[in-house]
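Participant: Fit chain B to the supplied structure of chain A, relying on the hints for placement.
Going line by line, the protein sequences match chains A and B. Going by UniProt numbering, 190 is the number at position 190 of the first sequence; the sequence numbering is gapless. Going by UniProt numbering, 6 is the number at position 6 of the second sequence; the sequence numbering is gapless.
No incorrect hints appear here.
Using 30 Å as the maximum straight-line C-alpha spacing, the simulated DSSO-like pairs for lysine-lysine come out as follows:
1) B:35 x A:697
2) B:35 x A:689
3) A:414 x A:404
4) B:35 x A:684
5) A:385 x A:401
6) B:244 x B:214
7) A:682 x A:697
8) A:685 x B:214
9) A:686 x A:697
10) A:686 x B:214
11) A:414 x A:522
12) A:396 x A:385
13) A:354 x A:386
14) A:736 x A:746
15) A:684 x B:214
16) A:705 x A:689
17) A:370 x A:386
18) B:214 x A:697
19) B:214 x A:689
20) A:586 x A:532
21) A:235 x A:167
22) B:35 x A:686
23) A:520 x A:532
24) B:214 x B:258
25) B:214 x A:682
26) B:224 x B:244
27) A:385 x A:370
28) A:414 x A:532
29) B:258 x B:224
30) A:414 x A:396
31) A:520 x A:414
32) A:404 x A:390
33) A:354 x A:385
34) A:396 x A:354
35) A:682 x B:35
36) A:685 x B:35
For the record, the hints were derived by calculation from the structure and aren't laboratory data.
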Amino acid sequence: MIPGKYRSVSGRAANNVNCGLHLVIQTSSLPEKSKVEFKLNKETPSFPGRLLQHDLERNYSSRQGDGRVISPSPRNKSSCISSTTNVTDLCGLEMKTTLSSLSAFGESSIQTPSKSRTRQGCHSAGPNVSGDHIHLASSSMPSFPVLQRSSEEKILYSDRLTLERQKLTMCPIIDGEEHLRLLNFQHNFITRIQNISNLQRLIFLDLYDNQIEEISGLSTLRSLRVLLLGKNRIKKISNLENLKSLDVLDLHGNQITRIENVSHLCDLRVLNLARNLLSHVDNLNGLDSLTELNLRHNQITFVRDVDNLPCLQRLFLSFNNISTFESVCCLADSSSLSDITFDGNPIAQESWYKHTILQNMTQLRQLDMKRVTEEERRMASVVAKKEEEKRRESHKQSLLKEKKRLTINNVARKWDLQQHRIPSIATNQDRNVSDSPSQDPVSAFPEETGSLDSGLTNALQGLSVLDTHLVEVDGDTLSLYGSGALESLDRNWSVQTAGMVTTVSFTFIEFDEIVQVLPKLKIKFPNSLHLKFKETNLVMLQQFNALAQLRRVDQLTIDPQGNPVVNFTLWKYYVLFRLSHFSMQKINGTEVTQNDMIMAERLFGILAHVASSELPQYRLISILGDARKKQFRYLLETKGKKPGLVSEENNDSKKLAGENTNRATLNYTTRDFYNERLEEIKEKKKFCKMYMEDLVKEATEINMKNEALQKLWPQMFIELVRDAVIEIRNKNSYMKLCLQQITDQK
Amino acid sequence: MLSPERLALPDYEYLAQRHVLTYMEDAVCQLLENKEDISQYGIARFFTEYFNSVCQGTHILFREFSFIQATPHNRASFLRAFWRCFRTVGKNGDLLTMREYHCLLQLLCPDFPLELTQKAARIVLMDDAMDCLMSFSDFLFAFQIQFYYSEFLESVAAIYQDLLAGKNPNTVIVPTSSSGQHRQRPTVGEASVLEGVEASLFYQCLENLCDRHKYSCPPPALVKEVLSNVQRLTFYGFLVALSKHHGINQALGALPDKGDLMHDPATDEELERLLAQIPGLVNSATANPEASCLPSRTPPRVGSPWRPLHHARKLDAESDGSTEETDESET
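So here's chain A without its partners, still in its complex pose (with noise of 0.2 Å):
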């Protein structure tokens, strides 16, 4: 198959050279041997298939060699490109090992027999040619060698040269030449590019695999195009500036760390650039023919400058460490590129690899080596707006998000402030500097306001955002931050929203203050069923009391922060006994068991019988309020029963009124409504005293005149007794007397 391949390649050329070199060398470094002939028996490919076997890279698990890119000789650009890596394996090994060993130096052939059976089906693959003899002599110079060639060999390959594996150190002087289009000295040990400044005619340049450290000698070259200087110890590319007609640049495998002084080479058509030290990819300039750049197995992390390559079809980019699509955007910008490859790099890992590229290189027909198909394209496009939906929603989010996080922090604030737990100077400070962003939620949102009861689903549905308070709804759970919040409750909620929600957190609220919207939360939230407070100043027990009118509570949440009341040992139980009506299950995230009823039941129930069964019924009927006289009725009417009656039927009631009624009198008023009836109790105490000290002055007054009558009716009645008497003693005179009455009454 090998052969078969070469064969092809071979034939395809314009002349398949299987020569056979005799070199006599003579150098001053060999004083013994004055004299060294090399008879060297060996074919030698021809020209396009020789220049892929310059990269000799062994990575052939991807389809792709490095060799395969410098494929075209000037003469037929694009004949051979995939026959390639199979001759350069098998040549460039074969070479290797051939001239592995000095010993093989000599007279002789170098072949060593080991190796024979390889190179003798090379061999008798081409046209059998016995081997030229080339005389390297040494010329006036006595550290060059001198290059002659017989004359019949001048006129068969007049414009051709090629001295591989010759184990030169340095370029031979190449007299009698001027006309030599093509030279080769792959595989030897040149260090420096000298002595071929007369061949002017020089379109082809073969320095492969030499030990060439700085690229120079090459000014009087105008006419070259093909540059090959792969494997070679290059740190710099330098020394161009006259080859302006340069076509196919190879400088791969050596140390180059940047790209540079190319920008002159507007004919460059091929560069390859492949393993070595790049760090990234720029400078890229006045390269207007380049169709394809070769940048494997570099350390590559950006590349930019390419949208500047007006023909640039093909870049490789396997193997270098390009981690973000941001750091090759430029790519999308060219719009002549078709192929690209990814592969070996960190990117190529990334699941949203493909389709951002495709996304953004449209012009691109072949990925990584593969066609892209409509089908990737449209998936591509498809998945690249949802990326872009997604983002631009995440982005809302954090804004938001961002929003919330600075109204929370200024209301927390105002909350300590209020709380008087930071000296307010600091403060004062604070708020200057945080006013300003918290300013932006107000004006930029009055829209996300209006707009909160209508399209509230599952995600985030509306931030309010104010400067003083914060109200969100999240799913099932309504949040209010700050006292400004529980406004919102006066707010029309949509059916929808109000019924979704089941979890009401306060957050930076005083206590009494929610005390007062909850019969709104009552009916604007039926379904509430969990509450949490936190920051809210819950510091009595009694203020428990206020949870008891909701409809429904399962759960409640006290956040230990801002509530003192958590401190307290029995809290939980005294929650359990007052809302026992509600049945809860979970206090603070922990399940309620029934040993918690029974506790709470024990602490609690004497005060809750004691409250009920014994206040005076005119009390229970101011405590309990208009709402609950029907209970109170109720429970009036079955106080005259029996007692055992009595508590069976209070269960039934318990049942159906819901709240058990003899919890009913444990209720609370806020701090302020207290404070304002105590001062209408004073009020009228003050009218009750007068009153009643009139009345009482009045009836001590009545009382002790009374006692003074009692006291003196003895010693009246005596008295006129003894009147009386007195007056009738004389009865003549006191029927006269009264006789004279009666007539004057007449």
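Facilitator: Just chain B, lined up with the frame of chain A:
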């Protein structure tokens, strides 16, 4: 009307002194407040109920503080109500903080002042340990003294300070007795020479006070008994002694003796009945015997910090006593 004292005073003053006016005023006030409701079932009925509840001591439930403290009867009624309602808390063995006791008080009287609770707690605790836990009985008896005799105690405090400041020429002033130290408890039968004031002198002043004091004060004989046991004592020592004195408790008449504090069969019975009513209670049969014998401690409860605070305090007192001993030996 049958009282012979009645004749000694003008009627109005007599009524005022006996707090009849207070109740009458309050009755009218209540009537005024609920006139719609009361008119439905009769004013005569209302007055009957009102004065019945005054007699039973249930009239103070959930009333405002100004009314609760208005008469000694109201105070005693409140003490009794507090004991009855929260005896179960004490029975459960929970030690509570001053604030928590205050909350319990507020359940019965929403505007009960914190100051009074603090003062009561100060009798039980050291001044600097106000956040410590107290047992129910300790608090209750201290609270009883503080609440029932609050005006009297204020006067006593003033007298005590005067004595300390040496306004009475007979007082020996000890330089070391700073205000921080006079909180110390006296040990019965042992005289603290360096602290407090001399008991006999103190008693003379108190006797004088009791005579002219228009508010209720403990029977002078009992005060004498308290003070006769010691030679010197501090103000808080005096209060502690008062609060622990059986005779004063009996004279006050609101609470049972300390030994019987947890004993109240009537309410226990009622409690059992209530427990049996808890909806969903599975085996009330097993719960009942448990309730009847009422273990002082129920299964361990979360968030109930059981700290043997009182033992610690008593130890303190003992160590104090030992220093007193050495002090005494020095002098």
